[in-house]
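So the protein lines, in turn, are chains A and B. If you want the numbering used here, it's the position in the first sequence, counting the first as 1, plus 667. If you want the numbering used here, it's the position in the second sequence, counting the first as 1, plus 49.
The hints are simulated quantities; they were obtained by calculation from the structure and are not laboratory data. Treat each hint with caution, since some may be false.
Unchecked claim - Listed next, the stretches of chain A that the computed footprint assigns to chain B, with coverage defined by at least 3 CB atoms under 8 Å from CB atoms of chain B: (1) 747 to 757; (2) 933 to 946.
What the hints assert, rightly or not - Only pairs whose alpha carbons sit at most 25 Å apart, straight line, appear in this in silico DSS-like list of lysine-lysine: (3) K1026(A) to K213(B); (4) K745(A) to K672(A); (5) K991(A) to K900(A); (6) K1065(A) to K1047(A); (7) K213(B) to K794(A); (8) K957(A) to K1026(A).
Said to hold, decoys possible - Just a sample of chain A residues kept apart from chain B, beta carbon distances all over 12 Å, derived: (9) E770; (10) T771; (11) D791; (12) D811; (13) E828; (14) K831; (15) R862; (16) K877; (17) S903; (18) R1108.
Ideal Cβ positions, reconstructed from N, Cα and C, are used throughout, including at glycine.
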Amino acid sequence: MTENKLPSGHTRIDTLELRGITKRFPGVLANDNVNFEVRSGEVHALLGENGAGKSTLMKILYGLYDPSDGEVFLNGKKITIESPTDAINHGIGMIHQHFMLVETLTVAENVALGLPSSRGFLTDLDKVSQRILELAEIYGLKIDPDAYIWQLSVGQQQRVEIIKALYRGAALLILDEPTAVLTPQEVDEFFIIMRQMVADGHALIFISHKLHEIMDICDRVTVLRDGAKVGTKNVSDITKSELANWMVGREVIMTRDLDEINRGPSRLTLENLACDSDRGTPALRDVSLKIHSGEILGLAGISGNGQRELAEAITGLREVTKGKVILEDEDITHFAPGKITERMLSYIPEERMRDGMIKNFTIAENMVLREHHISPFAEKGFLMLKTIARHSDDLIDKFGVKTPSRETKAGSLSGGNIQKVVLAREISRKPRVIVAAQPTRGLDVGATEYVHAQLLEQRRDGTAILMISEDLDEIMAISDRIAVICEGEIMGIVPRYEATPEKLGLMMAGVVPEEN
Amino acid sequence: MTPELVIIGILTSGIRLATPYLYAAIGETFGQRSGVLNLGVDGQMLLGAFAGFYVAFTTGSLELGLLAAILVGAVMGLAMAFVTVNLQAEQGISGIGFYLFGLGMSELLFKMLLGTVETVKGFPSLHIPFLGDIPVLGEIFFQHNVMVYGAFLLVPVAWFVLNKTTLGLKIHSVGENPEAADSLGVSVARIRYFTIILGGILSGVAGASLSIALLNVFQQNMTSGLGFIAVALVYFGAWRPWGVLAGALLFSMVNSLQLWMQVLNIPIPTEIAIMLPYILTIVVLVITVSRVRSPSALTKPFDRGE
């Protein structure tokens, strides 16, 4: 092996430098004169809130966007990257946050896609499979080349993405929030792979807003705020809370102490609840939970283990095949969603853009979506437009929604502001129970902090809250008790003070904790 | 007529009648596999049928007629591709637009250039030596004209291209996850242009197979919705050429059966008999479609989002 070769046989990238990158979208300056540099053998974190311009910068590096201005230097030589193909040819690979895999194709087919074949226009999947196995051996990535993507777990799919990049000769890998979809154990395995790659001379760019991961795995960190670079530091020179403040530009509350609140009677009781998925296979089996007044019950689990179906079964959006949903003392199992709403159950849906609001309606209209048909928003079938206007102005003010006016279309707001509109609508009616599904997914640190504060205030007022989340940090931050769901079954419930990420991670993977 | 002869007759004409379904549905399969629903097949067929017939009628050359149908189909496909890929039009609606254009245009050209129903001498039967001499089977399968053989040959060729070539892999990925394909340097636009134009060509050939190989006339709206059944066959065949073949045979056999019922004066009203294949379409689709998943990106325009 020569000096500048990687174990995969490809050439190393010693330095890659972005100089003065600017990207203008109509009305937005997404990147403003950003400099960024990454070297062989380091993990360089790119940190910033949503909309800070991290993804834009990386899409420019990967050739998906053309920069309005700026230059790229590879090993000191200026290069131009006009398409992903150019980037790949220069040894730059990208693992996207949403995997770029074709589910109905096999691992080998996904890897071979877009590459010239050694047999001309015929595919050469046997050779591709062989090379995949070689790479898997070198980098310790266990994978079956003939498996279909849909058969693989999320962690395995990520390995396919890495192999795909290595196969194409990637010496530099852009990792866009790679841990967002993994269990804690999968994250550990992933970090081992990352360390191995760095030791072998790869350069890695790690995009994340999970600060503890950056502290764990990265050598240097560059912070972006509002499209501009704030600075670059060695991770060893900075603490976690300094990093958080640096990113947001102000003090951030990192951990909260939950005040002692006397838990009231059970407001929402699920008894042996079962329902089917969209495909007709069982999604929930025998789920029993009690959520009390004045508590937040966090429901942790890996995506797709019945969380969505549970929320829909409770809110009447999905047919219950077995068991009961009891709201206070009333059995509401087969009630229509409207009737459940009337009984003061509020729902913050996972897909806020699709299920939480109507994009083409104004903010004012979205604010009264749930109660537009009843007094005081409607009288004798007529909308009380003045009342609605006053109500929405109040809420915009109280919840700090950043919008030009109440007449603005909801779809044009940012993710954080849309969630504020949904929260405002669901909370302002003083619900008895709140079902909050992934309430902060995709939100930045500031907006997440706000949503948590709102949920905690509801908890103080005695509302029973079921918070479904795939983010363990969030679950551990504000839940009184934590239930873990795996394949539609509750693996166990632990009080907050007994929960550790390891313990929850095992339960998320389907291990039932030992009785003590 | 003996029952044996009737059965042979039904099977023989069933094979013949599968021809236009096969060309059109295999073309549509390529389009849908790449994520494009083309509802304009019937219109493309009508223009192909007219072009094929008119050129064959005026020049006396069936080969030139076929070439004209191919060209017209390609131009229609090119227009469809531009509207679908570049303008990102709603595919269901633009397809209907192309259908209506083909329907109206073929009628207009017919009135302007021909005026009356004429006939041509279509492609002659090609008795395949040896195979064509096998009793019964030879008559059913191996005494057809060249366009019939072409349609059946297309099935394994399409299967091979879709499953064994790098092009097939690209088509599949563009129809399932265009973002993924794009991120690997596969040009979504180029692949879709290719499949839509290929679909247009095969639709044109399907039309010509009616006007210069099977019926050997051109009449207004002579396809009478055959192109729409071809679209349904793609669903029926679960986006696989062999499945499409099975569907095409099912429909052509039923069609052949109803034609023979009329020939044999079986006392069923003609209208009911003619309806049979269409009723079958609906019944079969209801039964089969929920079974398989369509390509994920079907009808979805691709936009890199810049």
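Hints, one by one, checked against the model:
no.: 1; hint: 747 to 757; in the structure: holds (count 4)
no.: 2; hint: 933 to 946; in the structure: violated (count 0)
no.: 3; hint: K1026(A) to K213(B); in the structure: violated, 44 Å
no.: 4; hint: K745(A) to K672(A); in the structure: holds, 21 Å
no.: 5; hint: K991(A) to K900(A); in the structure: violated, 55 Å
no.: 6; hint: K1065(A) to K1047(A); in the structure: violated, 29 Å
no.: 7; hint: K213(B) to K794(A); in the structure: holds, 14 Å
no.: 8; hint: K957(A) to K1026(A); in the structure: violated, 34 Å
no.: 9; hint: E770; in the structure: violated, 7 Å
no.: 10; hint: T771; in the structure: violated, 5 Å
no.: 11; hint: D791; in the structure: violated, 9 Å
no.: 12; hint: D811; in the structure: holds, 19 Å
no.: 13; hint: E828; in the structure: violated, 10 Å
no.: 14; hint: K831; in the structure: violated, 8 Å
no.: 15; hint: R862; in the structure: holds, 26 Å
no.: 16; hint: K877; in the structure: holds, 24 Å
no.: 17; hint: S903; in the structure: holds, 34 Å
no.: 18; hint: R1108; in the structure: holds, 20 Å
Consistency note: the structure conflicts with the earlier hints numbered 2, 3, 5, 6, 8, 9, 10, 11, 13, 14.
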